[in-house]
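Protein sequence lines correspond, in order, to chains G and U.
The first sequence begins at 1 in UniProt numbering and counts up one residue at a time.
The second sequence begins at 1 in UniProt numbering and counts up one residue at a time.
I should point out that these hints are in silico values taken from the structure, not numbers from a laboratory.
All values derive from a computational prediction rather than experimental measurement.
It cannot be assumed that every hint is accurate.
[Said to hold, decoys possible] A short, non-exhaustive set of chain G residues, derived as facing chain U with CB atoms under 8 Å:
#1 Lys176
#2 Ser178
#3 Glu199
#4 Leu206
[Stated by the list, open to error] Computed list of lysine-lysine pairs in BS3-like fashion (alpha-carbon distance at most 27 Å, straight line):
#5 G:Lys190 with U:Lys29
#6 G:Lys44 with U:Lys84
#7 U:Lys97 with U:Lys140
#8 G:Lys44 with U:Lys82
#9 U:Lys86 with G:Lys44
#10 U:Lys82 with G:Lys100
#11 G:Lys160 with U:Lys29
#12 G:Lys176 with U:Lys97
#13 G:Lys100 with U:Lys29
[Claimed, not checked] Reference listing, derived: stretches of chain U covered by chain G, where coverage requires no fewer than 3 residues with Cβ under 8 Å from a Cβ of chain G:
#14 36 to 47
#15 132 to 139
#16 146 to 158
Don't be surprised by glycine CBs; every beta carbon is placed ideally from N, CA and C.
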Amino acid sequence: MAATFFGEVVKAPCRAGTEEEEEDEEERRETPEDREVRRQLARKREVRLFRRQTKTSLEVALLEKYPCSKFIIAIGNNAVAFLSSFVMNSGVWEEVGCAKLWNEWCRTTDTTHLSPAEAFCVFYHLKSNPSVFLCQCTCYVAEDQQYQWLEKVFGSCPRKNMQVTILTCRHVTDYKTSESTSSLHSPFLKALKTQNFKEPPCCSLLEQPNIAHDLPAAVLSYCQVWGIPAVLYLCYTDVMKLDLVTVEAFKPILSSRSWKGLVKVRLDAFT
Amino acid sequence: MTDNVPAVSVGNVGQLAVDLIISTLNMCKIGYFYTDCLVPMVGNNPYATAEENSAELSTNAEVYSLPSKKLVALQLRSIFIKYKSKPFCEKLLSWVKSSNCAKVIVLSSSHSYHRNDLQLRSTPFRYLLTPSLQKNVESKIKSLNWEEMEKSPCIPEISDSEFCVRVPGGGITKTLYDEGCSKEIPLAVLLKFVSEGDNIPDALGLVEHLNEWLQIIKPRCDDPTASALPWKIPSSWRLLFGSGLPPALF
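For reference, chain G alone in the conformation it holds in the complex (with noise of 0.2 Å):
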């Protein structure tokens, strides 16, 4: 409880989360028609992944299905623009499987031309390389549905073998420094890199108390509990809607020794 300004006595926020005597009390008081509308509640927001050309469901996990050895996954629409520009456009991709996913926030498009203003999660496959896999993930994945996502797309049994590279962008308000972040010179690159990530990042690792939040969190813990090399690079920026700065703000990462062959692109042609 807490009081305001004005004298009242008003019930705070618990930085707990959910009271567990309310979710106990909710619960108790569930009917058997609460519970069937929370069962398909929880059906509708299951995550499946399928081909879209024959319109089949993938039935195992996707990592498991194909041999890889890379596999990039950008998240959210800057970093998936970074890669369509400098990645997808160097080579020939394959598409081979798409993720479908209902939660609040969005619904992931049917469509197959895929626009920057919808929700979608499509995996590719570069043809000259069928093992280096990339993911385009414009959608948020609700913290629930997260973990089935893994599943879907890792499976039970990950390879150790791969090298998995994770893109995304936070606003730069979310970056915690001494100094006020008004005078930080946004946007910035900071790195995060499981145990078994012997390559030196790009930029600087992120400073604790500095943490990863949502699908680039589940996707870099699940790596580094199965001993998987990742990195996951964050971009902080100010303008969170697609934006040519922010993009290019990723540049760095051309350069790194696993990206060698994958982007055909002259770096001194934008300096």
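Chain U: place on chain G using the hints.
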């Protein structure tokens, strides 16, 4: 072996307390509690002391140990996904049972505004013991003059309601205690009545209280007037209340 587990509770006091224990004792990470019940998060080593050890990735649930003191700590760093707190408790207690811990201690907190008049006038610390632990440690606990958590009406709105143990704001504390009782797990709960705010002093209070029992760290000297034990604040506690302020504000 003693296992310390925080409950994600009001003021995050249990979690802060486990942070202090891991940081002060320089405990080693021995594994991950990988689960779909907690919201994912990652960051670099929250207990880093130098550039060399700052780049180790940490996830939302990790296990640390100190073999010399037969101590294991499980740190939880994020909240439960809706409807997943009970499955988590089941998984946790199943792991605890299979690891043959001599006792499990849950560090937690409860809303201070829920205290009755008697509780307002007494120490803010409370304990609970499951029957299977009671016989082993009851005499030690009694010698410390600790207060057991009082029972309160199960349904406060009903005047002749039965009395039971309630821990408002305690997250999974009550579930862990109830399940610990029914599954015969030697489990203790140690909690403090707190309000949300700067809960660092509450965490320090809770670990000092725990230390009275477990003697995890000895005082620096034998001076009975020395009130502060050398608890090491983790580097991740920097900027707990946000970034620096813009100078233009003033």
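Comparing the hints with the structure gives:
1. Lys176: At about 4 Å, which falls below the 8 Å cut-off, the nearest Cβ of chain U leaves the hint on G:Lys176 intact, so it holds.
2. Ser178: holds (5 Å)
3. Glu199: violated (13 Å)
4. Leu206: Hint holds; G:Leu206 Cβ to chain U Cβ min 6 Å, cut 8 Å.
5. G:Lys190 with U:Lys29: Holds. G:Lys190 to U:Lys29 sits at ~24 Å (cutoff 27 Å).
6. G:Lys44 with U:Lys84: Holds, because 18 Å separates the two Cα atoms, which is no more than 27 Å.
7. U:Lys97 with U:Lys140: holds (23 Å)
8. G:Lys44 with U:Lys82: holds (16 Å)
9. U:Lys86 with G:Lys44: holds (22 Å)
10. U:Lys82 with G:Lys100: Holds, because 22 Å separates the two Cα atoms, which is no more than 27 Å.
11. G:Lys160 with U:Lys29: holds (21 Å)
12. G:Lys176 with U:Lys97: Distance ~40 Å between G:Lys176 and U:Lys97 Cα, so the pair is violated.
13. G:Lys100 with U:Lys29: violated (37 Å)
14. 36 to 47: holds (count 9)
15. 132 to 139: violated (count 0)
16. 146 to 158: violated (count 0)
Hint compliance for this structure: hints 3, 12, 13, 15 and 16 are not met, and every other hint is.
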